[in-house]
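2 protein chains.
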Amino acid sequence: MTIQLAKNYGFCFGVKRAIKIAEDNQSASTYGPLIHNSKEIDRLKNDFKVGLTEDFTSFKAGDKAIVRTHGIQKKELQELHKNDINVIDATCPYVTKPQEITQEMSEAGYDVIIFGDEKHPEIKGVKSYATYGARVVTSIEELKAMSLKEKIALVSQTTRKVEDYMEIANYLIPRYKEVRVFNTICNATFENQEAVKDISIISDVMIIIGGKNSSNTKQLFSIAKDNCNSSYHIEDENEIDFTWFKDKQSCGVSAGASTPDWIIQNVLNSIKDKINPKSS
Amino acid sequence: MTIQLAKNYGFCFGVKRAIKIAEDNQSASTYGPLIHNSKEIDRLKNDFKVGLTEDFTSFKAGDKAIVRTHGIQKKELQELHKNDINVIDATCPYVTKPQEITQEMSEAGYDVIIFGDEKHPEIKGVKSYATYGARVVTSIEELKAMSLKEKIALVSQTTRKVEDYMEIANYLIPRYKEVRVFNTICNATFENQEAVKDISIISDVMIIIGGKNSSNTKQLFSIAKDNCNSSYHIEDENEIDFTWFKDKQSCGVSAGASTPDWIIQNVLNSIKDKINPKSS
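Taken in order, these protein sequences are the chains called A and B. All letters in the first sequence, in the order written, are residues 45 to 324 by this note's numbering. All letters in the second sequence, in the order written, are residues 45 to 324 by this note's numbering.
Isolated chain A (complex conformation):
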């Protein structure tokens, strides 16, 4: 069986930047997981003493608080500054963008629609910047039930599928006077998705590596499944079931933007060793 990596996969600019910031700030703590990959979080804890807390009130004046790549809510950020916490901002610049757009559009009188997962920390953060509120949707069905102004601003979670975003835009544009569509899907997401599309079409089995709570990994998995029935989403090599590869000729591999190279290597080595013991 051949094993092939997607043309683009794994760590994006924002994640690399955040990890560098964390490594440079030993003994700081992140508020919520820095990225959606628990194994990398463990490495930062073990090798760089970077802590993790979900309890906002645990930060005291002088503490170093790292803001996660997904960003946090506007009020929380203001509170940290107010309490003299030393704030180290690792928010991905591609997430800062929809936050800024949401605030500007809300204040300019637009009805702001955010396409994304209401429960995801990125979207909780983005929504909190809407001075006069915003609606979060994942489907046209939700839009149908809404009464909206004639001027709409549309932003997307950075890790969404562009085709799904376009469905929302296509519903809104013919129905409202002005729809201001901001392309806030990040380039790395776009490139990883395109590459997974390409490789999943020509593979008999697809392995997508990444945190189970990672939005962008879930989108990659969804694209892989669309083109290859035998697609699997794993966090690391321990989750591989080697019967997946029985009678398969070609295996495609990709990984989410928060999946470190060392995990990807472990997965590749594990498959090669078991399936192709003689290959390098």
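None of these hints come from the bench; they were simulated from the model. Take these hints with a grain of salt, some might be off.
Copies of the same chain look alike in the list, so a pair counts if it works inside one copy or between any two.
[Claimed, not checked] DSSO-like mimics (lysine-lysine), calculated; alpha carbons at most 30 Å apart, straight line:
no.: 1; residue 1: Lys318; residue 2: Lys195
no.: 2; residue 1: Lys269; residue 2: Lys108
no.: 3; residue 1: Lys221; residue 2: Lys262
no.: 4; residue 1: Lys195; residue 2: Lys141
no.: 5; residue 1: Lys221; residue 2: Lys269
no.: 6; residue 1: Lys119; residue 2: Lys221
no.: 7; residue 1: Lys60; residue 2: Lys221
no.: 8; residue 1: Lys205; residue 2: Lys195
The model shown is predicted, which means the values in this text are computed figures rather than measured ones.
Start from chain A and add chain B according to the hints.
Frame of chain A, contents of chain B only:
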């Protein structure tokens, strides 16, 4: 054979308004045809002494100049005012809107894309409001050859098909940071198009009545043809070829926004008299 009119057809708000303005201003002249229907223009000339000139310089101080429903170019309007011409503005308010948007967006630093026919007077007018220029396109192919800014404002000729406009929007949105889509297709156009879609699906033959140079009539004809092979675009009853109705069970009829009721009635009577001599 049954004969059925589309649910919405014919004169729109802007055309009715312009004709009322012309009738109220006897001895005025329109600069270019008031609407794209030569028979109605003849009626205004014969019954209301409303003249027509294509020569801009023929207007002298004190003359009454009627601005056509499609609007004119910004410089020409300024020139008329400067020369103390008595300007009577019959520009459709739905055309004034894209003119205003084009000026505002051009001055706000957007690359303005106008979806429409560069040679149509409406589009010549709209484009003239782009302080820093605008591009007029009818297809994605033309866009592909263009180098554009990251911020794009998109407006449409008021009489275009919404599906064609969405194709342009769908090309631009994933490729640029912000696409501000203005839904400038007028409601009457939209409703007439929907109605033609509905009736052409259930008709054996379709008759679309309107000026051969009328953009909205051409769009209605195009929609009719998509659903009914035996579709015909005529200006009046003299163009009917009665062999069209041979062995047909149902005839659908619609008319463009610049087609007066009296022409539609003549067409209907003509078909009824020849095909169903006993029907009322």
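Structure-based check of each hint:
no.: 1; hint: Lys318 to Lys195; in the structure: neither (57 Å within a copy, 51 Å between copies)
no.: 2; hint: Lys269 to Lys108; in the structure: neither (42 Å within a copy, 68 Å between copies)
no.: 3; hint: Lys221 to Lys262; in the structure: between (34 Å within a copy, 24 Å between copies)
no.: 4; hint: Lys195 to Lys141; in the structure: both (20 Å within a copy, 14 Å between copies)
no.: 5; hint: Lys221 to Lys269; in the structure: between (37 Å within a copy, 29 Å between copies)
no.: 6; hint: Lys119 to Lys221; in the structure: between (33 Å within a copy, 27 Å between copies)
no.: 7; hint: Lys60 to Lys221; in the structure: between (41 Å within a copy, 23 Å between copies)
no.: 8; hint: Lys205 to Lys195; in the structure: both (24 Å within a copy, 21 Å between copies)
When the structure is compared with the earlier hints, violations turn up for hints 1 and 2 and for no others.
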